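Protein chains in written order, with the numbering used here: chain A, 376 to 683; chain B, 17 to 301; chain C, 396 to 809.
You may find that some hints are simply not true.
Stated by the list, open to error - Covered by chain A, per the in silico footprint, the following chain C stretches (three or more residues, Cβ under 8 Å):
id: 1; segment: 406-420
id: 2; segment: 504-512
id: 3; segment: 574-582
id: 4; segment: 586-599
Note that these hints are calculated values from the structure, not bench results. Fair warning: this is a prediction, and the values are worked out from it, not measured in the lab. Idealized CB from N, CA, C, for every residue including glycine.
The lines below spell out each chain.
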Amino acid sequence: MRREVYRGIRDVPAEEYLAGGTGLCGGCGGLLALRLFHKALGPNVVFSNAAGCLTLLAVFPFSPFRSSWLYTAMASAPAGAQGLRDALDVLIAKGRRPPEDDLQVVVVSGDGAAHGIGLQSTLGAVHRGLDFWYFCYDNEGFANTGFQTSPSSPRASRSPTTPASAAAPGGNPLRKQDLFELWRAAGPAYLATVSPSHPLDLLEKVARARPLRGPKLFLALASCPPGWGLDPAASVEVARLAVQSGVWPLKEALHGEVRHTAVPHRRKPVEEYLRGQERYRHLFEPERRDALLAELQAEVDAYWARSE
Amino acid sequence: MKLASRVISRSAFLSGAWVQDSPLYGAERRGAPVVASVRIAEEPIVERGTIGEPDALLVLDASLFGQAEAAVLEGVGPEAVLLLNAAEPADSLQRRFALPGRVLGADLSSLALEILGSATPSAPAAAFAVRALAIASWEALEAALRQELTEVGIEGPRLEQNVVCARRAFDQAPVVGFPPQRARASAASRPMVVPRLPAREAAPSILAPGNTERRSTAGWRVFRPEIDLARCTRCALCFALCPEGAIRLAADATPWIDSVHCKGCLVCVHECPTGAIVAVREAGA
Amino acid sequence: MTRELLTGNAAAAWGARLADVDYVPAYPITPQTEIIETLARWIGEGSLAARLVTLDSEHSMLTAAGAAAATGARVFTATSSQGLLYALEMLYSVAGWRVPLVLVNVSRGVSAPITLEPDHDDVLAARDCGFLQIHAATAQEVLDSVLLAHRLAEDPDVLLPVLVNLDGFHLSFTREPVEIPDVAAARAFLPPYAPEHARFGASHAMAQGVAVLGGSAYSFFRYQMHLAAEAALERHEALAAEFAERFGRRYGLLEAHHLDDAEHVLVMSNSMSGVGLAEVERLRAAGQRVGLLRLRVIRPFPQQELRRLLGGRRAVGVIDQNLSIGKGGILFAEVASALAGPGAPALCSFVSGLGGRRFQAGEFDRMLESLRRAEREGGSPEPELLWTDTEQRRIGELLRVAGRGFGEETGGAA
Numbered sequence: 376m377r378r379e380v381y382r383g384i385r386d387v388p389a390e391e392y393l394a395g396g397t398g399l400c401g402g403c404g405g406l407l408a409l410r411l412f413h414k415a416l417g418p419n420v421v422f423s424n425a426a427g428c429l430t431l432l433a434v435f436p437f438s439p440f441r442s443s444w445l446y447t448a449m450a451s452a453p454a455g456a457q458g459l460r461d462a463l464d465v466l467i468a469k470g471r472r473p474p475e476d477d478l479q480v481v482v483v484s485g486d487g488a489a490h491g492i493g494l495q496s497t498l499g500a501v502h503r504g505l506d507f508w509y510f511c512y513d514n515e516g517f518a519n520t521g522f523q524t525s526p527s528s529p530r531a532s533r534s535p536t537t538p539a540s541a542a543a544p545g546g547n548p549l550r551k552q553d554l555f556e557l558w559r560a561a562g563p564a565y566l567a568t569v570s571p572s573h574p575l576d577l578l579e580k581v582a583r584a585r586p587l588r589g590p591k592l593f594l595a596l597a598s599c600p601p602g603w604g605l606d607p608a609a610s611v612e613v614a615r616l617a618v619q620s621g622v623w624p625l626k627e628a629l630h631g632e633v634r635h636t637a638v639p640h641r642r643k644p645v646e647e648y649l650r651g652q653e654r655y656r657h658l659f660e661p662e663r664r665d666a667l668l669a670e671l672q673a674e675v676d677a678y679w680a681r682s683e
Numbered sequence: 017m018k019l020a021s022r023v024i025s026r027s028a029f030l031s032g033a034w035v036q037d038s039p040l041y042g043a044e045r046r047g048a049p050v051v052a053s054v055r056i057a058e059e060p061i062v063e064r065g066t067i068g069e070p071d072a073l074l075v076l077d078a079s080l081f082g083q084a085e086a087a088v089l090e091g092v093g094p095e096a097v098l099l100l101n102a103a104e105p106a107d108s109l110q111r112r113f114a115l116p117g118r119v120l121g122a123d124l125s126s127l128a129l130e131i132l133g134s135a136t137p138s139a140p141a142a143a144f145a146v147r148a149l150a151i152a153s154w155e156a157l158e159a160a161l162r163q164e165l166t167e168v169g170i171e172g173p174r175l176e177q178n179v180v181c182a183r184r185a186f187d188q189a190p191v192v193g194f195p196p197q198r199a200r201a202s203a204a205s206r207p208m209v210v211p212r213l214p215a216r217e218a219a220p221s222i223l224a225p226g227n228t229e230r231r232s233t234a235g236w237r238v239f240r241p242e243i244d245l246a247r248c249t250r251c252a253l254c255f256a257l258c259p260e261g262a263i264r265l266a267a268d269a270t271p272w273i274d275s276v277h278c279k280g281c282l283v284c285v286h287e288c289p290t291g292a293i294v295a296v297r298e299a300g301a
Numbered sequence: 396m397t398r399e400l401l402t403g404n405a406a407a408a409w410g411a412r413l414a415d416v417d418y419v420p421a422y423p424i425t426p427q428t429e430i431i432e433t434l435a436r437w438i439g440e441g442s443l444a445a446r447l448v449t450l451d452s453e454h455s456m457l458t459a460a461g462a463a464a465a466t467g468a469r470v471f472t473a474t475s476s477q478g479l480l481y482a483l484e485m486l487y488s489v490a491g492w493r494v495p496l497v498l499v500n501v502s503r504g505v506s507a508p509i510t511l512e513p514d515h516d517d518v519l520a521a522r523d524c525g526f527l528q529i530h531a532a533t534a535q536e537v538l539d540s541v542l543l544a545h546r547l548a549e550d551p552d553v554l555l556p557v558l559v560n561l562d563g564f565h566l567s568f569t570r571e572p573v574e575i576p577d578v579a580a581a582r583a584f585l586p587p588y589a590p591e592h593a594r595f596g597a598s599h600a601m602a603q604g605v606a607v608l609g610g611s612a613y614s615f616f617r618y619q620m621h622l623a624a625e626a627a628l629e630r631h632e633a634l635a636a637e638f639a640e641r642f643g644r645r646y647g648l649l650e651a652h653h654l655d656d657a658e659h660v661l662v663m664s665n666s667m668s669g670v671g672l673a674e675v676e677r678l679r680a681a682g683q684r685v686g687l688l689r690l691r692v693i694r695p696f697p698q699q700e701l702r703r704l705l706g707g708r709r710a711v712g713v714i715d716q717n718l719s720i721g722k723g724g725i726l727f728a729e730v731a732s733a734l735a736g737p738g739a740p741a742l743c744s745f746v747s748g749l750g751g752r753r754f755q756a757g758e759f760d761r762m763l764e765s766l767r768r769a770e771r772e773g774g775s776p777e778p779e780l781l782w783t784d785t786e787q788r789r790i791g792e793l794l795r796v797a798g799r800g801f802g803e804e805t806g807g808a809a
């Protein structure tokens, strides 16, 4: 993808809109992605938050945001966004607030609250054409409650609720639910996957979405050191491997039309991505699960074959 | 911290005591502050909940003393035994933070780093506490350690390393025992009728944007990143990729690290293309 | 001021219109839907400068309502039974955000079994969440209470959302004469909403609804909600007095009928208290010294006023149109706890009206007899579930038709 606005690292805005000192884990990929996202949006933002790890960014009496924040509920952050957007519109239209007081309305949600429980309110907001952003940090599990399997957890990963056991040596038997496609079917103005390992791609997508009115949905891979079982230092590298192995495609859909923004032509083997993570250790020890590993590689191959 | 508390209580349990242990955490994931309570008695325990006046306190992160809202010393009286995981000597810590009671220290993180390869001090901390407070014998502690570690999926060589590490901490710990049981101190607080605030001030809103800046996360670090400016090419990748935004760029693009808000995740060390950032053992952690 | 024939629903919509609300998040449910349809029509015609948006569920609807209020808009919404319960999580949240808004509940029995007819299990399920609650008995009172509720919610000493309840069908769909205040008078009573404490805008960053960890801190904020609700007792009286001056109609925390010489008092709420009043007047005409007390403001619960009015009576019977399974009448328990102590009257509990069950002939006479017995023998917390042999025969027939015949004991025809 040719970037117009964010061509090099020097183009990454210097201003920080998220202060340090929060209680989030060191090396949190979701936090890095949000930090970059906020840089591209600027300061005039109000976040509507659904329950998840990032809810604990603001714990009384502390908030890291130089912007505004409303914690709503697990199921209904997009409905909160609806209320925020509608109220700002009405107040400005009625002259009770100056237009300069306007804010961009942004839902912040983990994958746990974006799938299942949150789909109702998300699809409702998208269907109504709400002018808002949705930032989903996908760490592929219900991380804040101890990393239980969520609809976003990949097949063959293990977790406290889908342990690799004698009964289920492959861990989670279900496929990762395709939130990108579910959202795309609802018809948002803009939709993209991003990764904290590719900051310029992330920032550029925000710039591309910005002039559009309507739902602008972002799905960010959030590498998770405690949940995935990684050394925090490797957090960005693992996210990069997800992209380079083709497991996490970087793509966007402008009015529904999908385009990949980074195509890994010589894809690294999926195994290289899986190896560094405790949540996949059962695929390698005590013995290699060759058949399952082959299936996982085949799924990724098939995705890219369809996309070319 | 939860693991350490469970090993301590199970050691006592295996020695014939009645115990009760429970964690209290802000969220069930690493990085969230945790307080664990252990009660040990000869007879069944009827009380429960957080402990108001501990006889002993085990602190794995001494930098918490510097954070007022952590209220680590709440209810800790002059007779209490304080067991600290720190490289800094105990008397120095006692002076620095005006700590009450009897303070014993041990550099458990370094011990863990040396034997386990990672600064996870749960096992040696439990051993230190069990020995210092004369809670149980080594045999009981070892049995407790093996059972608790197995329950969280730590087995094989890793389990054995934890046992070795615990043994070192156990052997090195001075034995002081619990302070004598005394009648509860008279309440420092008095009852009062809750005053009604003006309604517009009564919601838990925060009107001080970005005030997490007042909180230091330096105490999280076991290693600290340091930039060798001679090798740095000013590519600014470290600035871009720091999850905390703790790396800033000067006007000439020279990076500098905000050591108050760096958590020591070491992503920058890992990502620097020229290896200009190195991880240095944090003094006093 | 105009005099019109309005349903309870239309009266509720008029209350919102006169309050010049900014935002109406909506979701349809019987028997409330006429409210949002009326508002949608008026918005379309330009009679109301508000935005109405249909959300994807009542849970989302209340979230949007609270978020809009937290931004600084004046918000009105409506629901009923299943919808209220679906939104219940958010009722607690919105109240905890300390933002004002008015929620009209059109009461309807809750599933299961599913029904459309009224009772109060729905609205009373929300009595603990921090919303203030006003229960209206007539369409006039509905209109007036919505207007009053916006003012009360926005009161600087309160800042809690308010729920106004009206019975489905008996009130929501029943037309009766209503005096509609004129716009200027309504505006004078309810000035625009201009909050300082909760308003999102680029000029000032703020975080609302954040996590509060630590028992003492959490307790503090919950206590503050309770203290504000208690303050609302006095504020309601002051605002109701102002309302009376402007519009000529006086509303209290309670509504007392024939209490001056009453030895026995029946306590009711909502629209069926009108039936109770008619019965009480019939009994009085026959020489019984009986009175009726209608509960109107349910939250905050007017304990002192109740004690003042009922202390020293010989016996009091509470007629609940709700049933807490395993305990009994909900309002009975609340009244009983308020009256506890020396001088408390003997207390009786009656349950009727579930799913719209009509009072049967003679039931008020029998309830009065129960009160007289209680006066002699002492009261009882056990609820008397009102039922007749006629109804028993009918249910026997229905069970038989459903293929469930039970024979003679159900009274069904062979």
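Between the segment 406-420 of chain C and chain A, are there enough contacts, at least three residues with CB-CB distance under 8 Å, for the coverage claim to hold?
holds (count 3)
Count the residues of the segment 586-599 of chain C whose Cβ falls closer than 8 Å to any Cβ of chain A, and tell me whether that reaches three.
holds (count 6)
Counting residues of the segment 574-582 of chain C whose CB is closer than 8 Å to a CB in chain A, do you get three or more?
With 0 residues in contact (Cβ-Cβ under 8 Å with chain A), the coverage given for the segment 574-582 of chain C is violated.
Are 3 or more residues of the segment 504-512 of chain C near chain A, judged by a Cβ distance of less than 8 Å?
n = 0 at 8 Å, threshold three: violated.
Checked against the numbered hints listed earlier, the structure breaks hints 2 and 3; every other hint is satisfied.
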